[in-house]
Amino acid sequence: MKNIYCLLLAILFFSSRSDSQNESESSQTWQKYVHIEISGLLPNTTLKENIPIRQNVSSNSYYNHNVAKIVAQTNGLTYAAKLELYNNQLNFGFSLGVKYWLYFTTIKGRMSENAEYFYFRYASNQQESKYARLKNITENQHYLTVPVDVRYYFLNRKRLGLFVRMSADVGFNVHHKLDVTFFNPEMNLNKTEVLSIIQQTLDKVYYSASASLGFRYYYIEKISLNVEFNILSKYLGGNYFILTDAERYSAIKASVQIPFHLILK
Amino acid sequence: MKNILYLSLILIVLSACKKQDEYILSQSVFIEDPYNPGLPIYSEWGYNTFGAYYDRAPFRSNNDIVPAKVFVNNDTLHFLLQGSYQYGNMSLKFSFKGYSPQNEYELTMLNNVVINLKDTSSKVSMRIGGAIYILNIIEGELHFRKAQKLFVDNELYKTILCGTFRLKTFVNNEPVSIYNGRFDVGIGYENFFNY
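Residue numbers (the working numbering), protein chains in the order written: chain F, 11 to 275; chain U, 3 to 197.
Read the hints as simulated data drawn from the structure, not as lab findings. Any given hint could be a false lead.
[As the list claims (entries may be wrong)] Quick list of in silico lysine-lysine cross-link-like pairs, DSS-like style, CA-CA up to 27 Å:
id: 1; chain 1: U; residue 1: 71; chain 2: F; residue 2: 140
id: 2; chain 1: U; residue 1: 151; chain 2: F; residue 2: 79
id: 3; chain 1: F; residue 1: 201; chain 2: U; residue 2: 151
id: 4; chain 1: U; residue 1: 99; chain 2: U; residue 2: 71
id: 5; chain 1: U; residue 1: 21; chain 2: F; residue 2: 201
id: 6; chain 1: U; residue 1: 21; chain 2: F; residue 2: 118
[To be verified] Partial selection, computed: residues in chain U whose CB lies under 7 Å from chain F:
id: 7; residue: 22
id: 8; residue: 31
id: 9; residue: 151
[Said to hold, decoys possible] Calculated Cβ distances over 12 Å to all of chain U for the following chain F residues:
id: 10; residue: 41
id: 11; residue: 107
id: 12; residue: 109
id: 13; residue: 118
id: 14; residue: 183
id: 15; residue: 186
id: 16; residue: 188
id: 17; residue: 232
C-beta: ideal position from N, C-alpha, C; glycine also.
Just need the whole structure built from these sequences, with the hints factored in.
Set out below in structure tokens:
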């Protein structure tokens, strides 16, 4: 591990020029950049307790033949375009833009090796309880937000820069859809009744915040590539998912950074 | 001809699925109650579990023995819970008059019924190890909170009985209590008897 750190420091030192040479090549203090960004998200989710799925895991299963399981997973993707105002003396940048978030949640399960479905209770009163055999339940949501970022380069060389970024997003929900896939196609007639059990109002306004660590590869005055990894994140307030609970997410982001004067040319 | 073959294939697959569901829904799903260690949670899913404290030690269902049976003879319904207690087998049978369902689906007549176990029309017996005790009840009740038909994909499968019980009695001339009792069992063809 120590050798890897030494190697990284050597690469940083020998592949770059000093900051004073940067200043001589770029006389303006404030520079503008356009970022075109895409990121993959993995929210840290757990299945909500109020989703009426029959459990299939016994806490004292004597025989280990039980391969039954229920899995809930949420994945996300974002696309963003931002304008950054960067101060090359302070190594500090401020961005504003527009971001589109797509979330996709799936609940899948199996009761046994040969039964790739789970039981979902969609009706229960004093006299009757009704289960449907489902292959999956899915939830799609899209949000449109305005991201506000602050970026600071703690190491800024010619071809490589290391930075931290703090971000906050505020926006609203633009699309939401719940769907189920029945094991027995004849149950499609009951789809509305089944979905009505879990349908609920989501918070329309979306807030989240995150901090990330990243690096820029290539000359800052040319088109360069940024890659970032989330180190902290939080969904602020609100109920953004019907099927799962999520407080934070992991993300990896890649963006192309284009100096504004190159776009005007 | 093609349509007939296709329809036959669907029927075969669906009947196989029904047998599989019967097996899956008759298995026990034991989820421990965090507030009553050793006992299953109170549930209304047909998890085929029960549990109670017998003087602080848990008497509960296990994966080896059918946890509940209902048998009806003349005017008397017998509700039998079988499980384990302190590394041995134990069963508790509640018998009460006035209920005679002809099949497992008619057990819904027990919905929200409370049986006073001290009443002369009720009897409780217990088997622990090899000994059988007809219990002299000091006080107690058996409450069927829900007795409902279970449908899977709009097809009737079995009846779920869930509820609670507690009682105080004498065993070997010593007072004992069976308390925090709960059950959530499915009653179907395999564990309903009428003779």
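Each hint tested on the structure:
1. U/71 to F/140: holds (22 Å)
2. U/151 to F/79: holds (25 Å)
3. F/201 to U/151: Cα-Cα ~21 Å, so holds.
4. U/99 to U/71: Holds, at roughly 17 Å.
5. U/21 to F/201: Holds. Residue 21 of chain U to residue 201 of chain F sits at ~24 Å (cutoff 27 Å).
6. U/21 to F/118: Answer holds: residue 21 of chain U to residue 118 of chain F is near 22 Å, not above 27 Å.
7. 22: Hint on residue 22 of chain U: holds, closest Cβ of chain F at ~5 Å, below 7 Å.
8. 31: Residue 31 of chain U check passes; min Cβ-Cβ to chain F is 5 Å, inside 7 Å.
9. 151: Since the shortest Cβ distance to chain F is 5 Å, the answer is holds.
10. 41: Non-interface label stands for residue 41 of chain F: nearest chain U Cβ at 58 Å, farther than 12 Å.
11. 107: holds (47 Å)
12. 109: holds (41 Å)
13. 118: Since the minimum Cβ distance to chain U is about 17 Å, residue 118 of chain F lies beyond 12 Å and the statement holds.
14. 183: The claim stands: residue 183 of chain F keeps its Cβ more than 12 Å from every Cβ of chain U (closest is about 33 Å).
15. 186: Holds, since 27 Å exceeds 12 Å.
16. 188: holds (20 Å)
17. 232: holds (60 Å)
This entry satisfies every hint, going by the numbered hints stated previously.
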